[in-house]
Amino acid sequence: MQATTTLLIDGLVYASYLFIVSVGLTIVFGVMKILNIAHGGFYAWGAYAAAYSIGVAAHFGLPDWIGFIMIGLSSLCVGFIFGFLIERLILRRLYHHEEVIVLLATFGLFLVLEDLILLVFGVNPYFAYQPMVYLGSVEMGGISRDVYSLSLIILACVVAFVCWYILSLTKWGKILATVIYDREISLAIGINVTTIYVWTFIFGATLGALGGAYIAPTISVAPGISIDVIVLSFAVVVIGGMGSIPGALIGAAMVGMLRAFAVHQFPELELFVVFAVMAIVLMIRPEGLFAPVKARRI
Amino acid sequence: MIIKALSADRTISWVVASFAILAIVGLMVPNWVLNGTMFGLARGLAVLGLLVLWRTGLVSFGHALYFGLGAYAVALLEKYTGVSDVFVRLAVALATAAAVGFMLGFVLRNHRGIFFAMLSLAFSMVLYGVLIKSEALGSTDGFSVSQTTILGWQPETKYPLFLTIILTGVVAAVGMQIYFRSALGHLTTAVRDNEIRVEYLGYSVAQAIHIKYVLSAALTGAAGGLFAMALGQVDPDSMVNWTVSGELVFISILSGPGSVAAPFIGAVAFEFLRTFAFELAPHAWQLIVGGTLLGIILFLPRGLWSLIERLPMRQERDRE
Amino acid sequence: MKKGIFRSGALTLALGAFIGAPIVTTSAFAEETFKVAVVSFLTGPAAGPFGEPGRHGAELLIDAINDGTMPAPYDSVGFGGVQIEGIFVDESGGNAKQVAEYRNLIEKQNVDAVIGYISSGSCMAIAPVAEELQTLTIMSVCGTPRLFEGNDWQYTFRTQAHAVADSVAAALYIRDQLGDVKSYTGINQNYAWGQDSWKFFDIAMQKLTPGSSGSDSPQFPKIFAGQYGTEISTLLLEDADLVHSSFWDGDIEAFVLQASVRGFFDKKRFISVAGASAVDNLGKRFPEGTVVGTRGEYGILVREQEGELNEWFIDTYRERYGVYPLESSYQYAQTVLALKAAMDKAAAESGGTPNEDQIIAAMKGLEFQSLAGNVSLALGNGHQAVHPIGYGITAWDEESNSPKLVDIRIYPTHCILPPVNQMSEAWLEAAMPGADC
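Which chain is which? The protein sequence lines are U, V and P, in order. Per the working numbering, residue 1 is the first one in the first sequence, and the count goes up by one each step. Per the working numbering, residue 1001 is the first one in the second sequence, and the count goes up by one each step. Per the working numbering, residue 2001 is the first one in the third sequence, and the count goes up by one each step.
Now the stretches of chain U that chain P is said to cover, found in silico as 3 or more residues with beta-carbon under 8 Å:
no.: 1; stretch: 10 to 16
no.: 2; stretch: 144 to 158
no.: 3; stretch: 217 to 223
Quick caveat, the hints were computed from the structure, so don't treat them as lab data. Yeah, the Cβ is synthetic: ideal placement off N, Cα and C, and Gly gets one too.
All chains should be built: construct the whole structure from the sequences, respecting the hints.
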C-alpha cells in the first residue's frame, strides 16, 4: 500500500513535469506543424536564467520566496525574446519546407542555443535550491516529500487549465482552430496567420522555458541538461498524438507512471520502457493515441 | 562487359580514381591525419546509407541505431569470442545491422515523413535505453575494442585498416551508383515524387522502400563497425544517442543528395573541421554546426555538392 | 573520361591540401621541455567539484617543481632536471571522444606523457590506447579495480588506490564507528565505478558485519542524471538504516540537496565514499553526522594534519586559488609527485635526461612520499598504487565557520587491499586473509 502510494506520487510528479515541458511542443506542432527540437533549448535557457537569477537574488540577501518570481520572470523573458526572434528571423522562412526539413532546422537551432548557454553562463553547474528549501517537506504515504516537487502537480493543472480555457472558451481559440484546420482558408477569410504564428510560438517557447525554470531548483543546472529531456518530451507528444493537448496529458501520465514503476521495480528498464511504448504507439497508430485521423493528401 | 559498363559511368571511374589517390596519400600523412580520415570515411559510409533513404524522400532520425549496432557488434564479438579479424568484424557489423533493419523494415516501410523520422528515433532510443542501463552491455562506459588483425596478422600501423575502409567505401559507393542507375534504383525518386503512380506501374512501393531500408541499415552498420575499429572504443553516448543520428543527418544535409561521393567528402571535411574547432573554440563547435545546418537549409538546399555542380567545368560537361 | 580522372585528382589534392596544411605547423616545434597533458573535467557537472580542483593541484605542483620552490624531498629544480610543460585538456564528452582526443594528444600535439582522468570510464577506455601508442599515462583519480585486475598494462600507471580499498575501509568504519547496522542499501552511478563500489562494499559488509543484510534492489541511476526524486522515494521506502553511495561530481551535490529537503538524512545513516567535495561546496547545506571519505589522505580529511608538505600545499593552494584544496587537488598533485620521483630516479640512474623507457622502469613499484602520507605502487605488477584510506563524520566548526570531519579513522593498506598477486574479489570472498584489522 505504502509502496503503491509512493509510486503513484512519484509518477504523478514526474508526469506533471513532463506535461509542462511537452505541452508547448505539442501546441507548436498543432498550430504550426513544426516538431521543434529547439524546444529543448528553451527548456535549458529557462533553467539557466532561473538558476542564475535565483542565485543573484540570494547573493543580495533577498528572501527565498523571491525565487518564485524569478522563475516566472525568467520563463517569460526567455519565451518572449527567443520565441519572437526565432519565429521572425528563422522559422518564417521555413514554412514552405517539408516537416522533416524543418525538424532538422530546429535541430540546428537547438545546437546553437546549447552553445550560447556555454558562452553566456559558463561551463560550471548552477544550484538554485532556495525555493525548494523554502517550501519544506510534508509527510505523505509514510515517507517525507518536498512540497516543491508536489507543487509541480498544481502547476501542471494550472497550465492544462489555461491551455484548455484559451482554446475552448476564447475568440483566440476559435481562430486557432481555424488556422489548424486550414491555413489557406484562414488567410482567405482575413485571419492574420502571421500574428497567430508569432504568438503561438512565443506561448510554446514560454512553456518550455517554464518547464526548465521550475525544475531548476531541484537539479544541478549543467550543460547538456536538455538532451535527455527533449527526447523524452518527444516520446510524450508522440504517444499522445502530435498536436493534441489532451494527448500530451495522457502521454505525460503514461510516461511518468511507467518510469516511476520501472525505477521502483525494474530500474534497468527505466529508459527502455518509455521508448518501447513510443515505438509501439507509432507502429500501431502513428498519429498517436489522441490525434484525429486525417485523410492522407496525395 | 561489366567492367566496360562500369568505366563508362563517369561517376564510378572518378570515385575509384579518387579513392586510389587517397590510398596513396594515406601512406604519406602523419597518424592523426590518417585517423581523422578514417573516422571521416567511416561516417561517410553511414551518411551514404542515409542518402539511399533520402533519395526516396525519407529522413531517418534514428540511424544511430545501426551505427551503434555495428559498433557494438564488433565490441561484443571480441568480448565473447575474442575475434578481432577485420573481415569477420566487418561482416558481423554489417549482418547485424542488416538483420535488424530487415525486421524493423516491415514496420517502417509503411511510414512516411515525420512519422518515419520519429519511429526511427524511437527504435534507436530503445537500443540506447537498453545499453545505458545494462551492466552486461557496458552501461555508459561501453567497451574497448582491441586492435584489428588481418587474417591472423597484427599490423604495426593503422594503414591496413585505412585501406580496408577505403576499399569498403569504394565498393559501397560504386555499388550504390549501380543501384541508383538500375530500374529499382530509379524507383527511388519516383517514389519520392508520386507513390501512387509507382504502384500503378506495377511496383510495390513498400517493398522498394524495404529494400532501400535494409541497404541503408547495412551500410550504416558497416560504418559503425569500421568506426569502432578505427577508434578502439564504443560507448552509447557517442554512438547510439539521438544526437549521433542528428549529426549523421547533418552531414548528409551538408553533403547533399547529389552524388555517392558527396557523403565521404562531407564527412571527412566535418571531421577535420571539428578537430580544429575543438582546439580553437571548444565551446563554439555546436554553434558552428547548428549555424551551418540552418544556413544550408535556408540557402543551399542541395548541399555543398551543389556548389561543385555549379563549377564551370561541370556545367560545360553537362552541355556536351 | 579523362576529364573525370582529372577532376577527381584535383578534388583529392584539394582534400589532401586541406588536411595536410597543419602538418607544417606542428612539425616545427622543438622538444626542449617534457610535454605533459593533464586531463580533467573542465566542463559539465564534474568540473566544479573535481575537474577544476584537480587541474589546480597539478598546475600548482608543476609550477612549483619547475621553479624548485617545493619543500624537501621535492626541492630540486625540474623533473629529473627537465622542465614540464603542462597542457590542460577537458575530460567531458564520453569515452569515445576521450579516446579520439587522446590519439590527438599523442599523434598531433606530440605530448610525452598524459596524466589525470577522473572517471573510471575514461581510464578503462584510455589504457588500451596508451598501450597501442606506447605512451606513459598515469591515472590520478579513477577507481575501478578492473583497470589492472585482468590486464597487464606496460604504459599505464595509477597513483590512486582502487574501489576495493574505499569499499573495505567504508565497511570497517561502519563496524568500528557506527556499530550495529542491521541492513543497508545503496545508490550508485550505473558505470564501472558505481557498480564496483557497491559490489565490493556489499561483500565487505557481509564479511565484516555478518549480522547485517544488504538490499537486493540498490539504485543505479545514470551518471549526471541530476534528478533523484523517485530514487529517493525508493530508498526511503526500504527498511535499510544505512545508505551507501559512491556518488561524486555534481551528482552528490544534487542528491544531497534533494534528499535533505525530504528529511532523508534524519532517517538514514548515509555513507558517502567520495562526496567530500560536496562538504566544502555546500557548506551548511551538507548534513552533519554523515560519514564521508576522501579516498585517501586528501582534502578535508587531512586539513588539520601537520607535516611540511601538507601545510605547504594547503597554504600555497589557498594563496593562489583562494579556496582549500579538495580531494582531487591532492590526487592530481600526487600524480605529479610520482612523476617527479620517477623522473628524478631515472635521471640519477641514467646520468642524463631520462627517456620514456627509463622513466617507466623507475616508476614500476615506486614508493614515494605524497603530501599527507606515503604511496607505494605495489599492485598491478608495480603499476597500481596502494595507500591508507580514511573516513570521518561531518560536523560544523563554529569557530572557523567551516565544515570539518570528526571521529576520523584511517585504515592502513594491508587492511583494505589484497596482497600482491591476489584478485580483489577472491580475497574478499575468502574473508580477507592477512588483514587482521
